[in-house]
Amino acid sequence: MVIEIRSAVPEDASAACNVLRRSITECCVRDHGAEPGVLQSWLGNKTAENVALWIASPSNYTLVAIRDGELVGVSLLTQAGKLSLCYVLAEALHAGVGKAMLQAIEAQARSWGISTLRLHSTATAHDFYARNGYTLAGKEKSCYGVECDFFWKKLNPTPDEGATQRKRFCNCAAQ
Numbered sequence: 003m004v005i006e007i008r009s010a011v012p013e014d015a016s017a018a019c020n021v022l023r024r025s026i027t028e029c030c031v032r033d034h035g036a037e038p039g040v041l042q043s044w045l046g047n048k049t050a051e052n053v054a055l056w057i058a059s060p061s062n063y064t065l066v067a068i069r070d071g072e073l074v075g076v077s078l079l080t081q082a083g084k085l086s087l088c089y090v091l092a093e094a095l096h097a098g099v100g101k102a103m104l105q106a107i108e109a110q111a112r113s114w115g116i117s118t119l120r121l122h123s124t125a126t127a128h129d130f131y132a133r134n135g136y137t138l139a140g141k142e143k144s145c146y147g148v149e150c151d152f153f154w155k156k157l158n159p160t161p162d163e164g165a166t167q168r169k170r171f172c173n174c175a176a177q
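In terms of this note's numbering, the sequence shown has 29 at position 27, counting the first letter as 1, and numbering is strictly consecutive.
Treat the hints as calculated values from the structure; they're not laboratory data. You may find that some hints are simply not true.
Computed Cβ-Cβ distance ranges for the label pairs, DEER-style [stated by the list, open to error]:
(1) Ala36 x Thr118: 30 to 40 Å
(2) Lys84 x Asp129: 13 to 23 Å
(3) Trp154 x Ser9: 36 to 46 Å
Taking lysine to aspartate or glutamate and the EDC-like style, the derived pairs with C-alpha atoms no more than 20 Å apart in a straight line are [what the hints assert, rightly or not]:
(4) Lys155 x Asp129
(5) Lys48 x Glu13
(6) Lys48 x Glu149
(7) Lys84 x Asp70
(8) Lys155 x Glu108
Note that this is a predicted model, so its numbers are computed, not measured. Just so you know, even glycine gets a beta-carbon here, dropped at the ideal spot from N, CA and C.
Based on the sequences and whatever the hints tell you, model everything.
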């Protein structure tokens, strides 16, 4: 099964919205606890109209993942270096979809000159981000009432090819 990662287009809005809503409802039960108020708040802005606006915004980079002709994942990077969305359908979890989107998002961030990515993760996705090199920096409450983990990742941790590596303390050439 081949996974295609591509830039989202306005025509993807409805299917991408479906992925967001299903992923939150079905995969993030540990986070929302099936509490109607929390779920309603979390899903409140996940409409096809809003998703179309997010896709169309020139300050966002939105990707979709397609598997066997079906949209199974959606992710969104802002030019401020925040990974705002990275959701996958339950039936596509643990199949490389999230990782493929994350790698493409990181490549885009680098091309924009972003050196550090930030994100708020659910408890459900905590291990996914940790496995992919993100560092936990604390906990924060989301606007929809779910406790989230604040993660960050340095995207360019090594110096440019051919540059002399320097010691942090004294700035002398590393031996």
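Exercise. What are the numbers of the hints that this structure violates, sorted from low to high?
Worked result: 3 and 7
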